[in-house]
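K.L.:
Letter by letter, the chains look like this.
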Amino acid sequence: MRFPSAVRQAGLVVAVAALALTAGCAKKDDSEVQASGVKLVAAGKLTVCTHLPYPPFQSKDASGKVTGFDVEIMDLVAKELGVEQTIIDTPFEGIKSGQDLNTGKCDAAAAGMTITDERRKVIDFSDPYFDATQAMLVKTGKPYKSLDDLRGRKLGVQAATTGRDYAKKLEAEKGLKLVEFEDLAALQQAVANGQVEAAINDLPVWTEYLKKNPGGFEVAAEFDTGEQYGFPVKKDANPELLKKINEVLAKAKQDGTYNTIYEKWIGKRPSA
Amino acid sequence: MKLRRRQRERLSLGLQYLVFIAIIATVLVAADWDRLADAFFRVDIIKSMFPTIITVALRNTILYTLGAFAFGLVFGTILALMRLSRVAPYRWVATAYIELFRGLPALLVLFLVGYGIPIAFPEREIPGGVFGSIAIGLGLTAAAYMAETIRAGIQAVPKGQMEAARTLGMSHFTAMRTIVIPQAFRIVIPPLTNELILLTKDSSLAYVLGVTAQTIEITKFGRDMLNDRVNATPLLVAGLAYLVITLPLSQVVRRLELRYAKAR
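Heads up: the protein sequence lines correspond to chains A and B, in order. The opening position of the first sequence corresponds to residue 1 in the UniProt record's numbering, with each subsequent residue numbered one higher. The opening position of the second sequence corresponds to residue 1 in the UniProt record's numbering, with each subsequent residue numbered one higher.
Hints listed in this document are in silico derivations from the structure and should not be mistaken for laboratory results. Among these hints, one or two may not hold up.
Said to hold, decoys possible - Below are the EDC-like pairs computed for lysine to aspartate or glutamate, each with C-alpha atoms no more than 16 Å apart in a straight line: (1) 39/A / 240/A; (2) 121/A / 125/B; (3) 154/A / 125/B; (4) 268/A / 131/A; (5) 168/A / 228/B; (6) 121/A / 38/B; (7) 60/A / 183/A.
Input sequences plus hints: build the corresponding full structure.
P.N.:
In structure tokens, the structure reads:
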């Protein structure tokens with residue numbers, strides 16, 4: 001009561017500042033180091049970033065639970081660590097630029113993500129866990145069989161994907177008009193309602209789409225780009241987690257778990 | 001300890017400055033400036049963004065904003081007049097529209113326009129492509145806000161103006177068009193300019209429509225560059241590009257408000 005209001009205000013400012021500072025510092029010590037040396041940003045959880053929807057690798061099922069190929073592989077890792085997997089849906093740029101990992105939003109990402117040299121500069125990748133091929137989706141009955149047929153036409157791509165980079169490389173040579181969409185759902189919409197003539201994305205993604213929407217679409221062309229998916233982990237920060245993921249991958253491939261998951265989500269494995 | 005009133009005030013003021021300086025100093029010392037600079041300020045990347053950020057991205061942002069503003073202004077004026085109409089159904093329709101579109105996020109409206117209309121009218125494009133879709137999509141939302149502003153402006157024009165015009169033998173419509181609305185618009189220029197600033201930033205929602213290298217605007221350009229270079233510098237430059245548009249506009253608003261305040 002006796003304090004002049006300005007002093008009270010100053011006190012408030014100090015209090016808020018102190019709070020802000022402690023909050024800022026507390027963040028760092030939040031992570032948990034497991035007995036195996038693996039660091040986790042949230043105790044008792046393997047926090048995994050992804051960008052939804054991207055079936056069959058990750059998407060929500062009827063009950064709203066996120067499932068898919070990547071999710072099940074990551075579940076194996078979580079099980080090995082003795083924790084639960086928590087999935088965070090976030091824009092792909094944040095994952096790809098490494099920022100989501102750097103800022104401690106998640107321990108790893110599982111987002112159908114191709115390993116590239118550029119991405120390696122800001123991210124540590126696990127061993128490859130999937131061979132991806134790019135493919136072009138068109139509406140059934142359209143006369144486009146290759147990128148050459150699309151000269152001067154609109155080709156849809158998904159922002160920040162390797163499919164987009166692939167198309168970008170050929171844009172001038174093939175005379176393509178690239179239209180970028182933020183996510184897969186918008187890209188599929190655009191093909192469906194004729195905003196673009198065709199769309200490029202990873203083959204398994206289109207295979208899954210055709211399964212769900214039979215009759216209206218077809219994969220007109222495949223481009224073997226030699227891409228492989230990997231799981232990103234924060235650069236130079238968590239080699240134990242990386243090692244753990246690689247161990248789980250190797251084990252799953254050996255004991256047949258990988259094959260079971262593959263056949264469940266992708267289909268028959270191409271004979272290597 | 002007994003302090004005189006003025007001393008107490010000085011002391012508290014000094015304390016507040018001290019806290020302020022302490023916060024800034026802490027941030028300055030504690031932040032990792034090298035890493036920040038590497039993530040947000042890479043000169044080679046800044047250079048590579050020119051001139052495209054001006055010739056394409058900035059230009060498109062301005063075009064989209066103006067398109068949406070023009071659409072919103074015309075439609076908003078019509079809505080305002082409908083709300084003030086003596087014909088009840090006009091008022092109902094306008095009120096329902098305003099409530100509806102003020103309540104919906106611009107992103108949703110833009111998505112509905114961009115994806116709904118092509119489904120409703122297959123194989124047909126909205127005139128003007130992305131530009132048309134944005135002008136309509138953002139304009140629909142902007143019109144709802146502008147209608148309320150314009151209505152307030154019209155109601156702020158003294159009743160005597162209309163009465164005098166009618167006494168002179170003008171029709172209600174002519175009096176509205178030549179006497180009341182011009183005065184109303186003078187009153188609502190500052191709030192409408194604020195709406196223009198808001199629209200400038202909302203034009204970044206264009207990304208939901210799918211954009212090409214020719215139709216890209218500032219935010220998407222920045223995000224694409226971030227993807228290509230795997231560095232956040234483009235976002236900083238994009239932010240500055242917006243300020244090039246919005247800061248002068250804010251100045252205009254401030255000047256106009258001052259002038260009106262003096263005129264009163």
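K.L.:
Confirm or reject each hint.
P.N.:
Going down the list of hints, with the structure as the test:
1. For the hint linking residue 39/A to residue 240/A, the alpha-carbon distance of about 8 Å falls within 16 Å, and the restraint holds.
2. Distance check on the hinted pair: residue 121/A and residue 125/B sit about 42 Å apart at the alpha-carbon level, beyond 16 Å; violated.
3. Proposed proximity of residue 154/A and residue 125/B is supported: the alpha carbons are some 13 Å apart, at most 16 Å.
4. A distance of roughly 13 Å separates the Cα atoms of residue 268/A and residue 131/A; the hinted pair therefore holds under the 16 Å criterion.
5. A hinted pair counts as satisfied when its Cα atoms are at most 16 Å apart, and residue 168/A with residue 228/B qualifies at roughly 11 Å.
6. A distance of roughly 13 Å separates the Cα atoms of residue 121/A and residue 38/B; the hinted pair therefore holds under the 16 Å criterion.
7. Distance hint between residue 60/A and residue 183/A is fulfilled; the C-alpha atoms sit about 15 Å from each other, no more than 16 Å.
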